[in-house]
Amino acid sequence: MQNNETQVYSVSDFQAVCNQILETAFSGVVIEGEVASFKVNQGKFVFFDLKDDQSSVGCFMMKFAMRFPLEDGMRVRVRALPKLTNWGKFSLTVQAVTPVGEGSLKKSFELLKKKLTEEGLFAPAKKRALPPEIQKIGVISSTQAAGYADFCKILNERWGGLEVQVAHTQVQGMVAADQIIRALNYFNERGEVQVIAVIRGGGSADDLAVFNDEALVRAIAASKIPVITGIGHEVDESLCDLAADVVASTPSNAAQMLTRDRREVSRQINGDVLRVQNLFNSKIDEIVRENRRTIEQIRNDIVVKMTTAESEVDSLCKVLEQLNPEQVLRRGYALITGEQQIGNVVKITTIDKEIEAKIEKILERSENGKAN
Amino acid sequence: MAKQISDKISELKAGVDWFYSDEFKLELASEKYKELTALAKEIQTDLAEMKNEINVIAEDFSKE
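Same order as they appear, the protein sequences are chains F and B.
Mapping to my numbering: the first sequence position 222 is 222, numbers consecutive.
To convert a position in the second sequence, counted from 1, into my numbering, add 1000.
It should be emphasised that the hints constitute simulated quantities derived from the structure, not laboratory data.
Owing to the predicted nature of the structure, the values given are computational and were not obtained by experimental measurement.
You may find that some hints are simply not true.
Stated by the list, open to error - Quick list of simulated restraints, FRET-style, between CB atoms:
1. B/T1037 - F/Q297: 51 to 57 Å
2. F/S56 - B/S1062: 48 to 54 Å
3. F/A146 - B/S1062: 16 to 22 Å
4. F/M306 - B/S1010: 36 to 42 Å
What the hints assert, rightly or not - Example chain B residues on the side facing chain F (calculated, C-beta under 7 Å, incomplete):
5. V1016
6. W1018
7. L1028
8. L1039
9. A1040
10. I1043
11. N1052
12. E1053
13. I1054
14. N1055
15. V1056
16. S1062
To be verified - Here are the simulated DSS-like cross-link-like pairs (lysine-lysine), alpha carbons at most 27 Å apart as the crow flies:
17. B/K1051 - B/K1013
18. F/K153 - F/K114
19. B/K1032 - F/K153
20. F/K283 - B/K1051
21. F/K283 - B/K1063
22. B/K1063 - F/K83
23. F/K136 - B/K1032
24. B/K1003 - B/K1041
25. F/K347 - F/K361
Think of the CB as a built atom: it goes at the ideal place given N, C-alpha and C, for glycine as much as any other residue.
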């Protein structure tokens, strides 16, 4: 080209140069506006106008790239490549689109929630409980985020010995959803962790909009590894929360739900040892008491037996006393000793005398006591 | 391989349960109690000292 000559392009060249300039000047430009004339052709080509009070520009995108439901009147932010078509029409080829502003976000949220609920993506039957003994945790978060710091702080305070793998991703903005999806895939492909925690601290509705991204919500629902979400504050509810197996109200709460509290465990152990000590002491006391009762019983038995024996001895003594010949003599009877034959001398003993007497006559007695 | 703290806690629980079970024998109780208190002390030390291993994955998730 010479300086003093005007450059002449063919139409195709001019269109190609324009596109080159546009691509260089506006690579990945982000534009915010209101959706108008939204339509989907053949189920896969999406067309709409992006407008504001004074201007409007046509947009084109593939349906699969549309991660949030759109409607006319919604305020959106698009990341797009400006392009001059072969027909000379200027349009934006949209790579990503997200609703912005409370009204649009809410509308998009409700539309997608309805759609995914009807598909059964949030069904309670699909929810899995957290593993009982968690050792390995996969965390998806921005390591610079306050929510991540809170999560780690509570995790370290409460428990130890855990292996935590952290996938650092953006947690807001148009590229965050894809990064989080890639991190989910990373953990699922390796299968090294028992649970995946998706963590993000509080923020505005726009900041948290990524967690209503359809592809991300589906990826969480499809995760082979159970997913816990700790996104935003207690009042925030995202579609990722609805798709997750377990929902924590905040990042800190997620750390609490994933761990036991070492102070609580310590208190329980002290309590257990104390209980055993008390039980041991009470068992010893019980055995001592039982032994005392047994000794007392034996002593009582001995006393009873001795009393009985004494009583028996007394009785026997009395019987013996009755049998004492002296007693008979005291009652006036006499004892005759010696051979009782006529002419013999026998000894007669009374209570106070001993008499020798000669037998002169012997009479037999009958049973009735009369002498014959 | 060193026992995990969860194994130690299970062992402690089983030891405590023994005192409440029909297998309780006074002649073994003193020795068992000594073992349990030593185990409890070990667990308390573990609880105080154990730390998490937090590693940020080198993978760049911003790349498609």
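Consistency of the hints with the structure:
1. Separated by about 36 Å at the C-beta atoms, B/T1037 and F/Q297 break the suggested range of 51 to 57 Å.
2. Remark: the range hint 48 to 54 Å for F/S56 to B/S1062 is contradicted by a beta-carbon distance near 33 Å.
3. Between F/A146 and B/S1062 the Cβ separation comes to about 21 Å, which falls inside the hinted range of 16 to 22 Å.
4. Distance hint check for F/M306 and B/S1010: the Cβ-Cβ separation is about 57 Å, which falls outside the suggested range of 36 to 42 Å.
5. With 7 Å as the threshold, the beta carbon of B/V1016 comes within range of chain F, its nearest partner Cβ sitting at about 5 Å, so the hint holds.
6. Among the interface hints, the one on B/W1018 is violated; its C-beta lies about 9 Å from the nearest C-beta in chain F, farther than the 7 Å criterion.
7. Interface restraint check: B/L1028 against chain F, minimum CB-CB distance 11 Å, threshold 7 Å, status violated.
8. A least Cβ separation of about 9 Å between B/L1039 and chain F goes past the 7 Å threshold, and the interface hint is therefore violated.
9. For B/A1040, the suggested interface contact is upheld, since its CB lies about 5 Å from the closest CB of chain F, less than 7 Å.
10. Among the interface hints, the one on B/I1043 holds; its C-beta lies about 6 Å from the nearest C-beta in chain F, closer than the 7 Å criterion.
11. Taking 7 Å as the C-beta cut-off, the interface hint given for B/N1052 holds, the closest approach to chain F being about 4 Å.
12. The restraint placing B/E1053 at the interface with chain F holds, with a minimum CB-CB distance near 5 Å, inside the 7 Å limit.
13. Taken as an interface hint, B/I1054 checks out: its beta carbon lies about 4 Å from the nearest beta carbon of chain F, inside 7 Å.
14. At about 6 Å, the closest approach between the beta carbon of B/N1055 and any beta carbon in chain F falls short of 7 Å, and the interface hint on this residue holds.
15. With a least beta-carbon distance of about 5 Å to chain F, the hint placing B/V1056 at the interface is held under the 7 Å criterion.
16. Because the closest C-beta pair between B/S1062 and chain F is about 6 Å apart, less than 7 Å, the hint holds.
17. Taken as a hint, the B/K1051 and B/K1013 pair is honoured in the structure, with Cα atoms around 23 Å apart against an allowance of 27 Å.
18. The suggested pairing of F/K153 with F/K114 is violated, with an alpha-carbon distance near 37 Å, which exceeds 27 Å.
19. With a C-alpha separation of about 38 Å, the suggested pair B/K1032 and F/K153 falls outside the 27 Å cut-off, and the hint is violated.
20. For a cut-off of 27 Å, the pair hint linking F/K283 to B/K1051 is broken: about 40 Å separates their Cα positions.
21. In summary, the hint linking F/K283 to B/K1063 is not supported, as the alpha carbons are separated by about 68 Å, beyond the 27 Å threshold.
22. The suggested pairing of B/K1063 with F/K83 holds, with an alpha-carbon distance near 25 Å, which does not exceed 27 Å.
23. Annotation: proposed proximity of F/K136 to B/K1032 is violated, straight-line Cα distance about 34 Å (limit 27 Å).
24. At most 27 Å may separate the alpha-carbon atoms for a hinted pair to count; B/K1003 and B/K1041 meet this at roughly 15 Å.
25. Pair hint F/K347 plus F/K361 holds up; C-alpha atoms about 16 Å apart against a cutoff of 27 Å.
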